[in-house]
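Participant: Turn these sequences into a full structure, and let the hints guide you.
Residue numbering for the sequence shown follows full-length UniProt numbering, beginning at 1 and increasing consecutively.
None of these hints come from the bench; they were simulated from the model. Each residue gets a CB set at the ideal place from its N, CA and C atoms; glycine is no exception. Worth double-checking, as some hints may not be accurate.
[Said to hold, decoys possible] With a straight-line cut-off of 30 Å between C-alpha atoms, the simulated DSSO-like cross-links for lysine-lysine are:
1) K112 / K256
2) K170 / K226
3) K226 / K186
[Said to hold, decoys possible] Just the calculated beta-carbon pair ranges, DEER-fashion:
4) S140 / S173: 45 to 51 Å
5) S110 / H171: 29 to 35 Å
6) A237 / S140: 16 to 22 Å
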Amino acid sequence: MAGVDVRPSSRVDDLSSDRDGHRDGLDRSKASNQGPAAALQSWSATWPASESTRPAHTTNPPLSVWPWIAHLTMHSTLSRLNAVSALATTIVLVLVVLIDLASHSRHTPSGKLHINQLEVVRAKAAWHMDRNIQDFVQTSFTIDADFSPLFDWNTKQIFVSIAANYTSSKHSSNEVVIWDRILRSKNDAHIALNSATNKYGLREVGRSFAAIENATFTLKYNVMPKVGRLIYGNEYASAQIPIPKRQLLPNGDQPKVQRLYY
1 MAGVDVRPSS RVDDLSSDRD GHRDGLDRSK ASNQGPAAAL QSWSATWPAS ESTRPAHTTN
61 PPLSVWPWIA HLTMHSTLSR LNAVSALATT IVLVLVVLID LASHSRHTPS GKLHINQLEV
121 VRAKAAWHMD RNIQDFVQTS FTIDADFSPL FDWNTKQIFV SIAANYTSSK HSSNEVVIWD
181 RILRSKNDAH IALNSATNKY GLREVGRSFA AIENATFTLK YNVMPKVGRL IYGNEYASAQ
241 IPIPKRQLLP NGDQPKVQRL YY
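Facilitator: Shown next, in the form of structure tokens:
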């Protein structure tokens, strides 16, 4: 038995493989002469339901079927939703840009800010995180400004503030907001204040204004639209105003430490 030749059996397997390959070639040739839909139907009828049952000699779909498969894939529900959402996003972005360009109002600053008095006091802040004894600048000012031209159909609100700017040995530029207000309609867009005081404490990082000679005060506005970009501007900027030295008592002693509710 050890001398039995098995080559005839191997020859039979080769012939069977050649026959199957020839049949597959005929099927591909036949499918190529049909339309995409007919070729897809013809091929799918012979394609196994699962990968595990697919014979090793089973070929891929014929070339004439691939365009039809791609056509079905491109127009699936997910692809259509993706196309619709991309179009909707583009339209919304274009509308936002057009609204922003159409609602951009040109405002000519005409408001006035007058600093009546500056006084450096030695005090402690009641609500601030830093409650050490230090210098505070108490400010008295007058405002007369009309921001109603900034209101249009796309304006949500306007933020108005007063900022003090000065230079120090540690920092070349310092800006501290000492007062602000939110304008929500044209009815309260005209600000007229006389001898108002700062709403927030004007303090120095070094806790002393002895080395600070002067400061400028700027009335600013920030237009917040319903749709579009924020608009910043200066309504009025004062000249350099000298910061006075802290006053001592007649006998030369330090004044009593005040308690400021900042």
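Participant: Now tell me if each hint is right for this structure.
Facilitator: Comparing the hints with the structure gives:
With a C-alpha separation of about 35 Å, the suggested pairing of K112 with K256 is violated against the 30 Å cut-off. Between the alpha carbons of K170 and K226 the distance comes to roughly 40 Å, so the proposed pair goes past 30 Å and is violated. A threshold of 30 Å between alpha carbons decides the hint, and for K226 with K186 the separation of about 15 Å falls inside it, so the pair holds. Range check, S140 to S173: Cβ separation about 25 Å, and the 45 to 51 Å hint is violated.
Checked against the hint of 29 to 35 Å, the pair S110 and H171 passes, with Cβ atoms roughly 32 Å apart. Range check, A237 to S140: about 18 Å between beta-carbon atoms, so the 16 to 22 Å window is met.
Consistency with the previously given hints fails for numbers 1, 2, 4, ordered from lowest to highest.
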